[in-house]
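With the hints as your guide, set chain B onto chain A.
These protein sequence lines are chains A and B, in that order. Its first residue numbered 1, the first sequence is counted upward by one per residue in this note's numbering. Its first residue numbered 1, the second sequence is counted upward by one per residue in this note's numbering.
Hints are computed from structural coordinates only; laboratory data are not their basis. C-beta atoms are modelled at their ideal positions from N, C-alpha and C, and glycine is treated no differently. One or more hints might be untrue.
[As the list claims (entries may be wrong)] Beta-carbon label-pair distances, calculated as ranges:
id, chain 1, residue 1, chain 2, residue 2, range
1, B, Gln186, A, Glu33, 26 to 34 Å
2, B, Thr178, A, Ala9, 46 to 54 Å
3, B, Asp126, A, Met34, 19 to 27 Å
4, B, Glu331, A, Glu38, 29 to 37 Å
5, A, Arg28, B, Ala320, 37 to 45 Å
6, B, Gly53, A, Arg28, 54 to 62 Å
7, A, Met34, B, Asp318, 29 to 37 Å
8, A, Leu3, B, Gln332, 22 to 30 Å
9, B, Gln253, A, Lys5, 32 to 40 Å
10, A, Glu41, B, Asp130, 19 to 27 Å
11, A, Ser30, B, Ala333, 14 to 22 Å
12, B, Thr63, A, Glu38, 36 to 44 Å
13, A, Arg28, B, Gln253, 33 to 41 Å
14, A, Glu33, B, Asp126, 26 to 34 Å
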Amino acid sequence: QDLAKKNTANRQVVEARREMLREWLEWRESMIEMLQEEGAEIELNGGKILSNEDADGRVEEIE
Amino acid sequence: MRPILLSGHERALTQVKYNPDGDIIFSVSKDHVVGAWYSHNGERLGTYHGHQGALWTVDVDPTSTLLATGGADNTMRLWEVKSGKLLKTWDFATSIKRVEFSADGRQLLGVTEKRSGHLGTIVVYDINPDPEADQADDHALRIVCDESKATVAGFSYLARYIIAGHEDGSVSQYDGKTGELLYNTQVHEDDMQVTDLQWAPDRTYFITASKDKSAKLITAESLEVLKTYVTDTPLNSAAMTSVKDFVILGGGQAAMDVTTTSARQGKFEARFYHKIFMEEIGRVRGHFGPLNYVAVHPQGTGYCSGGEDGYVRVHHFDKAYFDFLYEVEREQAQANL
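Isolated chain A, as found in the complex (with noise of 0.2 Å):
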């Protein structure tokens, strides 16, 4: 009967894990959405300015 206890209660502890990861990916997607269409370039890459060299190359891909 303890160890029914134990499994049960380990379930729920794996399943309130399940929540919090799936509530916070699902924020975290929010967020990046928002910065994409604020045009946040500097904090979606990390905080790091895009060097000119690299901006260039952006273009380039776009052509």
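Frame of chain A; chain B shown alone:
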């Protein structure tokens, strides 16, 4: 995970920062000196001399061109990183407790201390990223903190908001352009000082550390508390790791004398928590006094801590660190394959 010790400072470290590439660590200390070090081997790259008092704060701009510092000599200073040349000194009536560049490096904020006759303020200067250019004498914005002084502050994504942590344990959101107070909320316990505020790489959320022994993950947009990390010691600093979803907390009860067991044995610890699940997953000991600041390598490959003991300890993460996953994270990773 054998650490590298940066020994060169003669007094307590107050802040340590990686540049955006993560190859250089800047350190400031109560010994008046700003240090620059190679992060991979701890070799000293140089020092920046000029401040006349204890240093409280340092930040580097996003291109590693300009360095900002502030301290007890009531000045905020701007330096050229590679030459060590002092480019600008701004004078104030009280000490500078915090400096931070905006994500684009075009603005610099300073938090000024409160003293009789002077309220605490947050000042913002427009910055010309060219080290040859003249910098503005006058601030572009000045926020007066008349309720509770700000202890820490920074710019959100796109510098839309200025977020400040206060002495009374609250956090404020100000309009980044006008300085208008938009919202203030008591996130930490009453009168438990917010001691640190560090941003996620995209600046949509941040982590605060407090003397109330907890750290909180908060959104910039609504100041909603997403996560709380509970410890058993007053915290001075909190940082987030990239690559892995961890937070690193530093603090510790200041030892009354050096004979205290924990100080003698180097038992002051950096505490690792899972950022999403809020559970403690490990500790790294080594400092002989409280950890005053923790900074994470921008690429997530290591971290460094600055201690009251006068040392910076630089850690490079090992394979076990990167391999560590909760079962539900493993599930998630497999689902995405």
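query = Is it true that the C-beta distance of Glu41 of chain A to Asp130 of chain B lies inside 19 to 27 Å, as the hint says?
reply = holds, 20 Å
inquiry  = Between the beta carbons of Ser30 of chain A and Ala333 of chain B, is the distance compatible with 14 to 22 Å?
reply    = holds, 21 Å
task = Using the Cβ atoms, figure out if Arg28 of chain A sits within 37 to 45 Å of Ala320 of chain B.
result = violated, 25 Å
ask   = Okay, Asp126 of chain B versus Met34 of chain A on CB: inside 19 to 27 Å?
value = Distance hint for Asp126 of chain B, Met34 of chain A holds at roughly 26 Å.
ask   = So the hint says 36 to 44 Å: do the beta-carbon atoms of Thr63 of chain B and Glu38 of chain A match that?
value = violated, 22 Å
task = With 26 to 34 Å as the target window, see if Glu33 of chain A and Asp126 of chain B comply at their CB atoms.
result = holds, 30 Å
request  = Could you check the hint for me, namely that Met34 of chain A and Asp318 of chain B are 29 to 37 Å apart, CB to CB?
outcome  = holds, 35 Å
query = Range hint 46 to 54 Å: satisfied by the CB atoms of Thr178 of chain B and Ala9 of chain A?
reply = At roughly 52 Å between Cβ atoms, Ala9 of chain A and Thr178 of chain B fall inside 46 to 54 Å, so the hint holds.
request  = For the range 33 to 41 Å, tell me whether the beta carbons of Arg28 of chain A and Gln253 of chain B fit it or not.
outcome  = Hint holds: Cβ distance 35 Å, inside 33 to 41 Å.
ask   = Gln253 of chain B and Lys5 of chain A, beta-carbon distance inside 32 to 40 Å?
value = Since Gln253 of chain B and Lys5 of chain A have Cβ atoms about 38 Å apart, the given range 32 to 40 Å holds.
key: Cβ distance range 22 to 30 Å for Leu3 of chain A and Gln332 of chain B, holds or violated   = Once the Cβ atoms are compared, 28 Å apart, the range 22 to 30 Å for Gln332 of chain B and Leu3 of chain A holds.
query = When you take the CB atoms of Gln186 of chain B and Glu33 of chain A, is the distance between them in 26 to 34 Å?
reply = This hint holds: roughly 30 Å between Cβ atoms.
The structure does not agree with the numbered hints 5, 6, 12 stated previously, though it agrees with the rest.
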